[in-house]
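In the order they appear, the protein sequences are chains A and B.
The first sequence: position 73 = 73 (this note's numbering), numbered continuously.
The second sequence: position 23 = 133 (this note's numbering), numbered continuously.
Note that these hints are calculated values from the structure, not bench results.
The structure presented is a predicted model; accordingly, all values stated were derived computationally and were not measured.
Here a beta-carbon is modelled for each residue, glycine too, at the ideal position from N, C-alpha and C.
Treat the hints with caution; some may be incorrect.
Here are some chain A residues pointing at chain B (derived, C-beta under 10 Å) [to be verified]: (1) Pro43; (2) Tyr48; (3) Gly101.
Among chain B residues calculated to face chain A with C-beta under 8 Å, some are [stated by the list, open to error]: (4) Gly126; (5) Phe157; (6) Phe174; (7) Ser196; (8) Ala197; (9) Leu200; (10) Asp211; (11) Gln213; (12) Pro217; (13) Gly218.
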Amino acid sequence: GQNIDQPTEMTATEGAIVQINCTYQTSGFNGLFWYQQHAGEAPTFLSYNVLDGLEEKGRFSSFLSRSKGYSYLLLKELQMKDSASYLCAPQAGNNRKLIWGLGTSLAVNP
Amino acid sequence: ETGVTQSPTHLIKTRGQQVTLRCSSQSGHNTVSWYQQALGQGPQFIFQYYREEENGRGNFPPRFSGLQFPNYSSELNVNALELDDSALYLCASSSDRVSTDTQYFGPGTRLTVL
Numbered sequence: 001g002q003n004i005d006q007p008t009e010m011t012a013t014e015g016a017i018v019q020i021n022c023t024y025q026t027s028g029f030n031g032l033f034w035y036q037q038h039a040g041e042a043p044t045f046l047s048y049n050v051l052d053g054l055e056e057k058g059r060f061s062s063f064l065s066r067s068k069g070y071s072y073l074l075l076k077e078l079q080m081k082d083s084a085s086y087l088c089a090p091q092a093g094n095n096r097k098l099i100w101g102l103g104t105s106l107a108v109n110p
Numbered sequence: 111e112t113g114v115t116q117s118p119t120h121l122i123k124t125r126g127q128q129v130t131l132r133c134s135s136q137s138g139h140n141t142v143s144w145y146q147q148a149l150g151q152g153p154q155f156i157f158q159y160y161r162e163e164e165n166g167r168g169n170f171p172p173r174f175s176g177l178q179f180p181n182y183s184s185e186l187n188v189n190a191l192e193l194d195d196s197a198l199y200l201c202a203s204s205s206d207r208v209s210t211d212t213q214y215f216g217p218g219t220r221l222t223v224l
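Take these sequences, add in the hints, and give me the full structure.
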């Protein structure tokens, strides 16, 4: 079957670094997306990893290990506006569908 | 701004009624996916349309149906509404010309069924 596991909630302090982990089990894995979703809004694209390793994009970085079925999203220099849900979404199968987890709700405190 | 729009923003219906939600994709995006998202949950895949044909369907009953038009717009129709259909409905467009098939979401339609 297909399964995605990420923590339900995390809390961090403004200015700090936080790592959100995601483990997945899919068949026909293509790549993995991370999306950010603020309450009541649509998900917005953050990153896409297809090869093993770290992809850095400003304050956000995403890591992938295909052999371990593992990814993480690293957020540096946290800001209050980073309080949101972070969704890990592996892409799998010939039709390249996204499989969505429940998301990690991150609260950034002053 | 993703260039994907949805209408209406909010909608209130009663049980048993029918509803049509609309989505306008980014120009040139030939694939549209529809999702249902309940509060506190991740998006649940309803179906995907590619070049006006259904290209995969999630675990939703036949009363959920869709259409995609040549002008990059699409519709989600839900018949015989049930209370559990209350959710945020999202459409996301993507292009098979881009290897990653990154999906760009519209702002969603919040449907409340009373």
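To see whether the hints hold, each was checked on the structure:
1. Pro43: 5 Å, holds
2. Tyr48: OK, holds: Tyr48 of chain A within 10 Å of chain B, min 5 Å.
3. Gly101: This interface hint holds because 5 Å falls under the 10 Å limit.
4. Gly126: 27 Å, violated
5. Phe157: 10 Å, violated
6. Phe174: 17 Å, violated
7. Ser196: 14 Å, violated
8. Ala197: 12 Å, violated
9. Leu200: 6 Å, holds
10. Asp211: 5 Å, holds
11. Gln213: Holds: closest Cβ of chain A sits about 6 Å from Gln213 of chain B, inside 8 Å.
12. Pro217: 5 Å, holds
13. Gly218: 5 Å, holds
Hints 4, 5, 6, 7 and 8, counting from the list given before, are not met by this structure.
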